[in-house]
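S.K.: The listed protein sequences correspond, in order, to chains A and B. For the first sequence, this note's numbering gives the first residue as 1, with consecutive numbering after it. For the second sequence, this note's numbering gives the first residue as 1, with consecutive numbering after it.
Note that these hints are calculated values from the structure, not bench results. Here a beta-carbon is modelled for each residue, glycine too, at the ideal position from N, C-alpha and C. It is possible that part of the hints are untrue.
Claimed, not checked - Which chain A residues stay away from chain B? Per the calculated CB distances, all over 12 angstroms, these:
| id | residue |
| --- | --- |
| 1 | 75 |
| 2 | 87 |
| 3 | 261 |
Unchecked claim - Footprint (simulated), chain B over chain A, 3 or more residues, beta carbon under 8 angstroms:
| id | stretch |
| --- | --- |
| 4 | 94-103 |
| 5 | 293-302 |
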Amino acid sequence: MAQIRIHNVRKEFGAFTAVQSSSFTVEDGEFFMLLGPSGCGKTTTLRMMAGLELPTSGEIYIDGEEVGMKPASQRDIAFVFQMFALYPHMNVRKNISYPLLSQGMPRAEARARVEEVARILKIEGILDRPVGGLSGGDRQRVALGRAIVRRPKAFFMDEPLGALDAEFREHMAEELRALHDRIGATTVYVTHDQLEAMQMGDKIVVMNHGVVEQFGKPQDIYDWPATKFVAKFIGSPAMNFFDFDGMIGIGSDAIELSGHRVSVPLSRQGASGKLTMGVRPEHIRFSDASAYRGRVLATEYLGTTQIVTMATPNGEIKARTPAKQSVTPGEVIGLEFDPQTLTVFDGVRGQALLSEANERVLRHD
Amino acid sequence: MSSYSVTEPSARQKWAAGTLVVIYALITILPLLWIIATSFKSPSDAIAYPPKTLFEPTLEGYVNLFTTRTRATEQDLKELGEPKTWYDRIVRKDGFIIAGPSRFLERFSNSMIIGFGSTVLCIVLGTAAAYAFSRFKVPLKDDLLFFILSTRMMPPIAVAIPIFLMFRSLGLNDTHAGMILLYTAVNLSLAVWLLKGFIDEIPIEYEEAALIDGYTRFQAFYKVVLPQAMTGIASTAIFCLIFAWNEYAFAVLLTSGTAQTAPPFIPTIIGVGGQDWPAVAAGATLFLVPVMIFTIVLRKHLLRGITFGAVRK
Chain A
1 MAQIRIHNVR
11 KEFGAFTAVQ
21 SSSFTVEDGE
31 FFMLLGPSGC
41 GKTTTLRMMA
51 GLELPTSGEI
61 YIDGEEVGMK
71 PASQRDIAFV
81 FQMFALYPHM
91 NVRKNISYPL
101 LSQGMPRAEA
111 RARVEEVARI
121 LKIEGILDRP
131 VGGLSGGDRQ
141 RVALGRAIVR
151 RPKAFFMDEP
161 LGALDAEFRE
171 HMAEELRALH
181 DRIGATTVYV
191 THDQLEAMQM
201 GDKIVVMNHG
211 VVEQFGKPQD
221 IYDWPATKFV
231 AKFIGSPAMN
241 FFDFDGMIGI
251 GSDAIELSGH
261 RVSVPLSRQG
271 ASGKLTMGVR
281 PEHIRFSDAS
291 AYRGRVLATE
301 YLGTTQIVTM
311 ATPNGEIKAR
321 TPAKQSVTPG
331 EVIGLEFDPQ
341 TLTVFDGVRG
351 QALLSEANER
361 VLRHD
Chain B
1 MSSYSVTEPS
11 ARQKWAAGTL
21 VVIYALITIL
31 PLLWIIATSF
41 KSPSDAIAYP
51 PKTLFEPTLE
61 GYVNLFTTRT
71 RATEQDLKEL
81 GEPKTWYDRI
91 VRKDGFIIAG
101 PSRFLERFSN
111 SMIIGFGSTV
121 LCIVLGTAAA
131 YAFSRFKVPL
141 KDDLLFFILS
151 TRMMPPIAVA
161 IPIFLMFRSL
171 GLNDTHAGMI
181 LLYTAVNLSL
191 AVWLLKGFID
201 EIPIEYEEAA
211 LIDGYTRFQA
221 FYKVVLPQAM
231 TGIASTAIFC
241 LIFAWNEYAF
251 AVLLTSGTAQ
261 TAPPFIPTII
271 GVGGQDWPAV
281 AAGATLFLVP
291 VMIFTIVLRK
301 HLLRGITFGA
311 VRK
């Protein structure tokens, strides 16, 4: 088990920069998610941690030891591939015992270890089957078995549930999380699915265009996004953006949105020009008392809640309201925002402005 | 209303297709069967007109293939007494005695050495090159691959004279090493391209998994890639062997004695003691056997090779 620290790691493929100077720390025993859209550099980052790619510059520490230039075989880690990469010419037992035999473990001991792992994963029954005929879930379990059998310092997983169908993915996600809680190994998990990341991760790194946009606990990232990209990428429906021209001073607690005063958390940073107010759909309330109004365009019924799409003076937004509240398309409704949940962004650079509410999350020493 | 499927052919279609395949197989296999039949005929049956399909089989052709014979007078035959072996008996029936072994066995083993030698060399070099081209960043990769391919853009025999001169000055004329080198050079481009295709199809994750499992790059290649590539290696080996085995023009040009292969030798049998078609047919029949065995041994891989990449899980 180990802490993993990434320091100023950068990766270039020719003229293309896949990962730009990234730094973050995975604490011992953490289930750590690398999240981002495809092509954001998350897989490259993981592969550098595993030793399948060498960083162009920067350091990678596993358990305090700098391993950036070491081959994968010397890092004592395990990797689960999206397509599982089970050796097709071997049966399940051989697949799982393969990493043990490479270390020169005696066959009897390796056999006992394989049996133990098979028990944990409940795959005792298929040990002597060829991997070719296995179902997706069983393949996934065998791939996990091959990873955990060696008791490595850390597990790296590259979209391990990506190849499974949606129904089964949910189940496997739970199984995976339970397995992690049971063996407590440091796990770094790459995914493009924000729901999966929120659901399973202790901590999330959000990457975009090779840059680490934010890292922290799922709830912190959801509530206090550091950039407009994070705000948009996490949550479904995404955070609403109200673009406006205006200013906000240090210590001010309100902005002017199309002539209406809107309270925001006490600002620690000043800015002017193009700004954006971000608000989660569930933090929008309908109130006849409010002078800020929007026209209902459509409603989407979701059981206990409904998503109401509205046109406002600052663009189209989505609000999540109780399903009981009846609204009809065309109706004009006053909107109120929960002041302690609002984030103001620099409209051009996309950075969140520090406020009383988000500085705890966004100020990293 | 009867149900009707667009994908599943009807019974009649299947029957028609089957018939066509059988007819085609018969047409292609007929000359082969005729050669094999001829090898068991007597010389007079072999040239009988109309051709005989039913005949009394004899091993005369095979005996003639493996021996040299001289004509003996009645007197000589009497002095020698009763023939001691079955092949003596066959030869004496026509008034001959066996003078010694022919060179067929020697030529045949030359073919084996050169054919299998160049195939092995080709596969070793081809697999290594194909793996490198498939997995590593090779500078000028596309140009190199094109260059390799371009060596096949004209028939090899077009460069026969330069090769002949080169071989002569290097002392490679009529040597096993020379012929192995030549056939390897001709086959290598095919091997590299075929094998690269097969190795490209093997997901790189298998090797990465092996690397993470604690194996070195070479071990990963040897233990994971190679078993996966067996299909491609087997089919490539068959192609290489068949070319080297059948090659005639270079063999005629560059070998005459020590390293002469079977293809240029077999026609020379005709000249010995009249037109001995059964002996030629016997030579051709035996000549088929090694390639046939090799193909049958690798047939499982070959079949997979044909459908390789067609089905993706």
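S.K.: Hints broken by the structure, by number, lowest first?
M.R.: 1, 2 and 5
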